[in-house]
Amino acid sequence: MKCEQIREILETLAPVAMACEWDNPGFQVCRWEKEINSIYLAVDATDEVIAEAKELKADMILTHHPLIFGGIKNVLTSDFIGRRIYGLAQQDMVYCAMHTNFDICVMADLAADYLELMETEPLEVTGEWQGKSCGIGKVGMLPEEISLGDCGRIVKSRFQTEAVKVFGDTSRMVQRAAICPGSGKSEVDEAIAKGAQVLITGDIDHHTGIDAAARGLSILDAGHYGLEHIFVTYMAEYFKERLPELNIYSQKLQSPFSYIV
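Numbering (our numbering), first residue to last: 1 to 261.
Hints were generated in silico from the structure; no laboratory data involved.
Any given hint could be a false lead.
[Said to hold, decoys possible] Here are the simulated DSBU-like pairs of lysine-lysine, each with C-alpha atoms no more than 30 Å apart in a straight line:
(1) Lys194 <-> Lys165
(2) Lys252 <-> Lys185
(3) Lys132 <-> Lys240
[Claimed, not checked] Ranges of calculated distance between the beta carbons of each label pair, as one might list FRET restraints:
(4) Ser147 <-> Phe80: 41 to 47 Å
(5) Glu11 <-> Arg172: 41 to 47 Å
(6) Gln90 <-> Glu128: 38 to 44 Å
(7) Gly71 <-> Ala17: 15 to 21 Å
(8) Gln160 <-> Ile210: 23 to 29 Å
(9) Asn74 <-> Asp203: 27 to 33 Å
(10) Lys165 <-> Asn74: 37 to 43 Å
(11) Ala193 <-> Glu162: 29 to 35 Å
(12) Asp203 <-> Ser78: 25 to 31 Å
Here the structure is a predicted model, which means the values were calculated and not measured.
Positions of the beta carbon are idealized from the N, C-alpha and C atoms, including for glycine.
I would like the entire structure built from these sequences, with the hints used as guidance.
Structure, rendered in C-alpha cells:
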C-alpha cells in the first residue's frame with residue numbers, strides 16, 4: 001500500500017483540518033510513493049522509538065505528538081530534532097503524527113468510553129465533525145455517584161497508570177465528570193462552567209490544582225502520557241481491522257518518567 005493511500009485513510013478517521021490552529025499534525029517526513037507494509041505506533045517519536053522501528057524494519061512511524069511543532073531552518077544531527085529527522089530520512093522511513101485532530105475526532109469519545117461516561121458533550125467545543133459538535137475533552141455523568149478516591153482508583157485501573165494525583169477531598173462524592181487526555185490546565189474554566197465536579201487530566205501544577213479545588217472542581221491528574229497512551233491501542237486495533245495486510249508494531253506501555261518512593 002502506498003503512503004498516499006495511508007494518508008487518505010487517516011484523513012477519513014481524523015482530518016488534519018480538524019486540528020487546533022497552533023498544532024502541526026500530519027505527514028512530516030514522507031515519500032508519497034513509498035510502499036508501506038509495516039507501521040510502528042507510539043506516543044512520541046523519541047530516539048528509542050525510532051531505533052526500535054528501525055530494528056523492526058518498519059516502513060512508517062505514526063505518533064500522537066508531532067516531532068516538528070514549529071518551523072525549522074535546518075536539519076542538523078547536532079540538534080536532537082534534526083538528528084531524528086535525518087535518521088528517518090536515511091532509513092526512507094515515513095513519519096506522521098495525529099495530534100489534536102485525533103483528540104477532537106477520536107480521543108475525546110474514546111477517553112469518555114473508558115470511564116463509561118453517559119450523556120456526554122464536548123468539554124471545549126472547537127467545531128463540528130460528522131454532523132455534531134466536537135472538541136477537546138468530554139463532560140458527562142459517571143454510571144453512579146462515587147467518592148473522589150474511588151474515581152481515582154477507577155482511572156488508575158482503566159488507564160493502567162502508575163499513580164493518580166488528587167486535588168480535593170477523596171471522600172467527596174462525585175458523578176458529573178470531565179476528562180481531557182493530555183494537558184488539561186486550560187480546561188479548568190470550561191469544566192467548571194459545564195458543572196463538572198471532577199476534571200480528569202494531566203500536567204496540573206500546584207496552583208492550578210489547589211485553586212480549582214477551592215472553586216469546587218476536584219482534580220485527578222493521571223499524567224499526560226498516563227491518559228494519552230490509549231492512542232496506541234486504538235490505532236493498532238484500527239489498522240488491524242481495516243488493513244489486516246499491514247504489520248503493526250506498538251510501543252510498549254511505559255511511562256517516560258519514574259518515581260522514587
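Hint-by-hint comparison with the structure:
1. Lys194 <-> Lys165: At roughly 22 Å apart (the allowed maximum being 30 Å), Lys165 and Lys194 satisfy the hint.
2. Lys252 <-> Lys185: holds (27 Å)
3. Lys132 <-> Lys240: holds (27 Å)
4. Ser147 <-> Phe80: 41 to 47 Å: The hint (41 to 47 Å, Cβ to Cβ) holds, given that Ser147 and Phe80 are roughly 44 Å apart.
5. Glu11 <-> Arg172: 41 to 47 Å: Given about 43 Å between the Cβ atoms, the range holds.
6. Gln90 <-> Glu128: 38 to 44 Å: The hinted range 38 to 44 Å holds for Gln90 and Glu128, with Cβ atoms some 42 Å apart.
7. Gly71 <-> Ala17: 15 to 21 Å: holds (20 Å)
8. Gln160 <-> Ile210: 23 to 29 Å: Once the Cβ atoms are compared, 27 Å apart, the range 23 to 29 Å for Ile210 and Gln160 holds.
9. Asn74 <-> Asp203: 27 to 33 Å: holds (30 Å)
10. Lys165 <-> Asn74: 37 to 43 Å: Distance hint for Lys165, Asn74 holds at roughly 40 Å.
11. Ala193 <-> Glu162: 29 to 35 Å: holds (31 Å)
12. Asp203 <-> Ser78: 25 to 31 Å: holds (29 Å)
When held up to the earlier numbered hints, the structure conflicts with none and fits them all.
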